[in-house]
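Colleague: Chain residues, written in single-letter form:
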Amino acid sequence: MKKTVQIPLGSQHISLLEPIRFKFECENETIVGVDADVGFVHRGVEQACTTKFDFKQVGFVVARVCGLCAITHSLSYTLAAEKLLDFTPNDRIRYLRMLMVELDRIHSHMLCLAHTAENAGFEALFMQIMGDRELVMDIQEAISGNRIQFDFIAIGGVTRDLTPEMVTLLHKNLDELSGKIADLIELFESNWSLSLKYRGIGALSLEEAQIYNALGPLARAAGLATDVRVETDDFPYEALGYEMMLETGGDIHARNRVRLREIMNSIAMCRNIVGNLPAGEIMEKAKGKPKGEVIVRLEAPRGELFYLVRGGGQNMLERVRIKTPTFSGIPAMMEVFKGSRYADAPAILASFDPCMSCTAK
Amino acid sequence: MLKAMINAFLNLFRPVRTHNYPAEPMPLPPAYRGLIEYNEEACIFCDKCEKACPPKSIRFFQHEDGRKEYRYNAWLCIYCGECVRACPKPEEALWQSEAKARPALKADNVNGGWFDWEAECAQSRDDYAAAKKAAKAAKKNEGA
Chain H
1 MKKTVQIPLG SQHISLLEPI RFKFECENET IVGVDADVGF VHRGVEQACT TKFDFKQVGF
61 VVARVCGLCA ITHSLSYTLA AEKLLDFTPN DRIRYLRMLM VELDRIHSHM LCLAHTAENA
121 GFEALFMQIM GDRELVMDIQ EAISGNRIQF DFIAIGGVTR DLTPEMVTLL HKNLDELSGK
181 IADLIELFES NWSLSLKYRG IGALSLEEAQ IYNALGPLAR AAGLATDVRV ETDDFPYEAL
241 GYEMMLETGG DIHARNRVRL REIMNSIAMC RNIVGNLPAG EIMEKAKGKP KGEVIVRLEA
301 PRGELFYLVR GGGQNMLERV RIKTPTFSGI PAMMEVFKGS RYADAPAILA SFDPCMSCTA
361 K
Chain Z
1001 MLKAMINAFL NLFRPVRTHN YPAEPMPLPP AYRGLIEYNE EACIFCDKCE KACPPKSIRF
1061 FQHEDGRKEY RYNAWLCIYC GECVRACPKP EEALWQSEAK ARPALKADNV NGGWFDWEAE
1121 CAQSRDDYAA AKKAAKAAKK NEGA
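Line by line, the protein sequences give chains H and Z.
Under my numbering, the residue at position 69 of the first sequence is numbered 69, and the numbers go up by one with no gaps.
Residues are numbered in my numbering as their position in the second sequence, beginning at 1, plus a constant of 1000.
Source of the hints: derived by calculation from the structure; they are not laboratory data.
Keep in mind it's a predicted model, so treat the numbers as computed, not measured.
All clues given are correct.
Here are some chain H residues the structure puts well away from chain Z; computed CB gaps all over 10 Å:
| id | residue |
| --- | --- |
| 1 | Glu-118 |
| 2 | Met-245 |
| 3 | Gly-249 |
| 4 | Leu-277 |
| 5 | Ile-295 |
Which chain H residues face chain Z? A few, computed with CB under 8 Å, are given here:
| id | residue |
| --- | --- |
| 6 | Gly-145 |
| 7 | Gln-149 |
| 8 | Thr-159 |
Listed next, the stretches of chain Z that the computed footprint assigns to chain H, with coverage defined by at least 3 CB atoms under 8 Å from CB atoms of chain H:
| id | segment |
| --- | --- |
| 9 | 1029–1035 |
| 10 | 1079–1085 |
For every residue, glycine included, the Cβ atom is placed at its ideal position computed from N, Cα and C.
Given only the sequences and the hints, what does the whole structure look like? Please build it.
Modeller: Here you go:
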C-alpha cells in the first residue's frame, strides 16, 4: 500500500498571493517529494519585445514584467542595449541609476519581511512594515514622479534629475527608516513568533546551496558568498560602501536577518550616492542601431537577473531572453522543502520571496 | 519584547496612518507624471511622438485636405513621457501635466472605441497616400 499522500499547495493560496503550484508528496506531516509548476501568468513579453516594439521602447516593456523590480528589469535591458550601441554613460547617470536600484531593493526586501511576519501569524507587524515601506515609496515617487512603474531609465541616461528638495526628503525618510529597521532587527531577534518559531525551519546547507545553484538572499543566508554586485563592474558598488551580508544558518530566520542587514547596507549606500553625486548631464546621445549579442547580469532584490539581447542592426531586436532570479532558484527552493513539515510550507515559501510575475513573464 | 508591547500600547493614541481615500484625495508628489497635453497651434506634425510612444496611445488622423488631427488615449498611456522627450518643441506643443486621468466610464468605450479609432487612423493615412499617388500619376499622364 502507498504510504505517502499528495497534497497540493496553490496555484492560488491565501499565504502566497502568487500563482505557483507545488505538489507535495507527504509522509504523515513530513514532505518527502516536491514538484513545482510555474507559468500561470505567461504574457509573452519576450516575443512582444522582438515583434511589436522598437529597441528604444523595449526598456519600458520589460519594466512591466514585474511591479517590484521594475527598475532592475529596465536597467538590465538598458545596460544591454547600451553595450550593443557601444555607449558608456557618465558617472552621474550611473550613480542615479544605482540609487534607484538600491531604493528598489529596500522596498522589495521590506515587502518580503512583511509577508514572512504575516505567515508567522503576526498581522500587526505586517501592517507596520507595509506602513514603514511607504517612506521608501515616497522617495521613489518624488524622484521619478511615479509610484510603481518608474520609467526613470531610458537608453542614454535617466529622465529626471535629483533636486535639492528630493535630497532633503531622501535624508529625512532614510533617517526615519533606519531607526525603524533597527527596531525591526531587534524584534526579529527577540520576538517569540519570529525568532524561535523560525530557527531551523526550512534550512538549506552550504553544500546544497552550491549543488543547487542557490542565489540572492537564499544563498547568502546559507553562507554562500555570491552577489552580482561584486562580480560585475557596471556600477562602483564597493567604492560606495557595499558589504556582503552572510549568515550561516540557512533557515528562515537567517534569510530574514540577511534581508534586514541588506536594507541597512542599502540605506548607507543611498546616503553615500547622494553625498558623492558627480556633476554632469543626465541624458546623453546614444546613436546607432544595436548589432551583436550581449549578456547582462544584475543583482535584483531576489538574486541574479540575467538578460540576453541580440540585435541585427535593425530597429527591431532579434532576441530578448530574460532569466529571472526565482526561475534560477527553483531547484534550491525545492530542496529546502524536503524534510520539513507541511504546516511550515507557507512560511518557507514566503521566505524565498518568489516572484511569479517575473518567472512566467 | 517589552519595547514592542509599549509601542503597541502607544499606537492606540497615535493618529491613523492610512488615508481616508475616496473622501480625501491622495497627496501627489510635485512633478507627478500625469496626462499628456497638446497644443495644436504649436505642433509641426512631425509624428515623432506617435513613433516614440511605446503603447501607441498617440495617433494622428489624416484628413483628405492634408490636415492632421491629434488623437490621444489617456487610458492606454503609460505616462512614461517618451513623446515629450521626442517632441522637437516640448512645453509648447506637447507637455506632461500633473493632472491625473479621470476613471474611464462605460460610455467612453475605451477599448473598442480606441480600436476603431486606430483602424480609422491607419485607413485615413492609406487613403491619403493612395489619393496622393493617384494625383501624381494623373499629373504625370497629363504632362505626357
